[in-house]
Amino acid sequence: MKKNEDMILKYLSDMMNEKEKAEFENKLKSSNELKQEYESILSLLNQFKEFEKAQVDERYFASLLPRVNEKIYAKKRFTVIRKLSYVLPVIIIFILVLIMYPASSPTFDKSLQSITKEMVNYYSNNLDEFTTEQIVPVQYEENYDANFIEDLELPREYINKYAPAIFEESQVIDKLSDEDLSVFYVKLSKFNIQ
Amino acid sequence: MNLDNDFELVRKFNAGDESAFNEIVKKYQKKIYWHARQMLGDHLDADEVTQEVLIVLYKKLKTFNFKSSLFTWIYRIVTTRSLNQIKRNQLKKFLSFENANESEFAEKKDIIDDIINKEKLEKLNKILQKIPPKQRQVFVLRNFEQLSYEEISKITGKSIGGLKANYFHALKKILEYANEKE
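Just so you know, the sequences run in chain order A and B.
For the record, in the first sequence the residue sitting at position 6 is 6 according to the numbering used here, with numbers rising by one throughout.
For the record, in the second sequence the residue sitting at position 38 is 1038 according to the numbering used here, with numbers rising by one throughout.
FYI, nobody ran anything at the bench for these hints, they're computed from the structure.
Any given hint could be a false lead.
Straight-line C-alpha distance at most 25 Å; calculated SDA-like pairs for lysine to any residue [what the hints assert, rightly or not]:
| no. | chain 1 | residue 1 | chain 2 | residue 2 |
| --- | --- | --- | --- | --- |
| 1 | B | K1092 | B | D1110 |
| 2 | B | K1172 | A | E23 |
| 3 | B | K1031 | B | K1118 |
| 4 | B | K1130 | A | L45 |
| 5 | B | K1030 | A | A62 |
| 6 | B | K1120 | B | K1130 |
| 7 | B | K1158 | B | R1076 |
| 8 | B | K1120 | A | L9 |
| 9 | A | K10 | B | L1175 |
| 10 | B | K1031 | B | S1068 |
| 11 | B | K1093 | A | E179 |
| 12 | B | K1030 | B | S1153 |
| 13 | B | K1060 | B | N1022 |
| 14 | B | K1173 | A | L28 |
| 15 | B | K1059 | A | I72 |
A quick note: this is a predicted structure, and the numbers were derived from the prediction, not measured.
The following block holds chain B by itself, in its conformation from the complex (with noise of 0.2 Å):
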């Protein structure tokens, strides 16, 4: 990540210059996409929580304070935005707000072309989301998005100690139902 870059979009954004905005939604769109489906679970909700996150950056910006690197900041907004997403559809569904029908529908939206790719997306999809969210999360940040415990930890504001041994249990549910599937 090119931090200079980053803050000197964020500069000119505050000064006034909008294509800034663009120009930092054009670089994370896709990270941010990615890390909502893969702790969402499906295209909807991450392009619910994607939008969401976007419309934040564009309000709060002027409150960057240039002590994290961008990225950080973005990250720890869209985690806490995805993590609050699983919990509305956790009410929703024990609530049975969300019938089946609405669920396969949903499935059905895409943005995955390759057939042979959607397959064994899908596959590895259901074994995530049956990991506890919070696992997920450290999961999918170190695996993912490659980033060091250290790095998770501004993210998450969670100890190291703790994010290893979360991961680790992630790593083992992991392996316990890839091998059940096969």
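The following block holds chain A by itself, in its conformation from the complex (with noise of 0.2 Å):
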């Protein structure tokens, strides 16, 4: 049965030319074993397509949405209690100033007014920033890179023998953000054990 398969599966990649497609086509027609071994090779591939076909319990499905929006409205009123935890003491010091050194002229008190409100400005744009750089890194997904994804295979005999005193504990992997992730597991693909 493999005596057909390798020019089945160029023929199923789309590896093959106009002219070798027309033969393998003709071929596909009047031979009976290759046209067994070819329906016998669709029907296994087929059986993959079957995984969304499957019965799953919908309540999964159905309790996705309202599992992510609590994640998404907690991840927000995280944000604006922090925000406020840093605004809060810059209003303060604000108001202590004009408590302590009371405006001597109308020039003063804008000036005053202006860098407080810059204060102010400066730490929201910047606390919205670091927010959201935490869940996503900024142009990450956008800058998708083909080379970002090396060979998904790591040395076992490095690992084993160096690893563990890299990691001590499995969260900090899972508190790696995406790109140093990257960055570590291909130095540790490229690395050659002396």
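Please assemble the complex out of the two chains, which come individually in their own frames, going by the hints.
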């Protein structure tokens, strides 16, 4: 049954030129053996399409959106609290400054207000960026690089020998950012054992 | 895929209509889940990646530039996240952070109800998980999602020639492992 395997796989992978393709299709019509082999491979591959057709617990998909929304809003709440924790001290300092150094002239008052406003804006904007970056590294998905995904095979000998010294807890891996994870992974993949 | 409708949903969401995001999730959540599931091989990891992807969507829809389809954009995120999860799992496994009991427990948590289907799908899943992740990725996108090489290229950033070679090797390995089983 494996006689024609490579030829069939080349056809299915679209690796034939037009002439080879036409020859294969003609042979498929005339050879029962090839036809049988081709259909048996197709039948195996079609089985993989049945994943989505499987009967699943629909409650999972029904509960997905509420769970995601809960996480999104929890993060939003956290952002507001965090922002307030930075902004409030700035406002308090501003009020204290006003109390301790009453404005001697309208110009002084104006410039003080403008500096405070700038500070508040600075903290608010930077905090927004910081919080978003924590969840999603900026431009990460857009700058998806073909070279980003290196061989996903790690040298076991190296890891068994050295890696426990690098990580003490599995949580460390969960906490790595995607970019750090990639850098670390590539380094390990390319490491040569002496 | 109805691209106009997708774009309309993104515009609505960006204009402040949160229900548009719910529509997008309802439309794509199964596709996202099953892609992650086939890439990662178990429900818990697939669930984690699916949630992560939906949160990323929510945060980043405002940066969507309408140059590619929403479908391609979502798949770019799902494939990247799935491969990253594989890396994390490999690191944990190699560093022996996860013991056998945890894996057994993880396997028991699933959303597939049908026992007949479940056994069959588990067999296929085992075969799928033996294929190198990059080949698995192309196989899943082409065979399961029925995407063209051009579309896969837009998602993965790989050349069409490279994708064809990956698909060919994936098929070869699947046949080899399927015959081993028999």
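Quiz item: Has the given pair, K1120(B) with L9(A), been kept, meaning a C-alpha gap of at most 25 Å?
Solution: 23 Å, holds
Quiz item: Given the proposed pairing of K1059(B) with I72(A), does the C-alpha separation stay at or below 25 Å?
Solution: Judged against 25 Å, a Cα distance of about 9 Å means the pair holds.
Quiz prompt | Given hint L45(A) paired with K1130(B) - CA-CA distance at most 25 Å | solution = 15 Å, holds
Quiz item: For the pair supplied as a hint, K1120(B) and K1130(B), is the alpha-carbon distance within the 25 Å limit?
Solution: Status holds; Cα separation ~16 Å.
Quiz item: Does the structure keep K1093(B) and E179(A) at a Cα separation of 25 Å or less?
Solution: Cα-Cα ~20 Å, so holds.
Quiz item: Going straight from one Cα to the other, do K1031(B) and K1118(B) come out at no more than 25 Å?
Solution: 19 Å, holds
Quiz item: Within a Cα-Cα threshold of 25 Å, do K1030(B) and S1153(B) meet the stated pairing?
Solution: Given pair K1030(B), S1153(B) holds - Cα atoms ~22 Å apart, limit 25 Å.
Practice problem: Please work out if K1060(B) and N1022(B) have their alpha carbons no farther apart than 25 Å. | Solution: 15 Å, holds
Quiz item: Can the restraint linking K1031(B) and S1068(B) be considered satisfied, given a maximum Cα separation of 25 Å?
Solution: With a Cα-Cα distance of about 18 Å, the restraint between K1031(B) and S1068(B) holds, given a limit of 25 Å.
Quiz item: Holds or violated: K1158(B) with R1076(B), Cα cutoff 25 Å?
Solution: Within the cut-off at roughly 12 Å; holds.
Quiz item: If you draw a straight line from the CA of K10(A) to the CA of L1175(B), is it 25 Å or shorter?
Solution: 13 Å, holds
Exercise. Below or equal to 25 Å on CA atoms is what counts here, so check K1092(B) against D1110(B).
Key: 22 Å, holds
Of the numbered hints stated above, none is contradicted by the structure.
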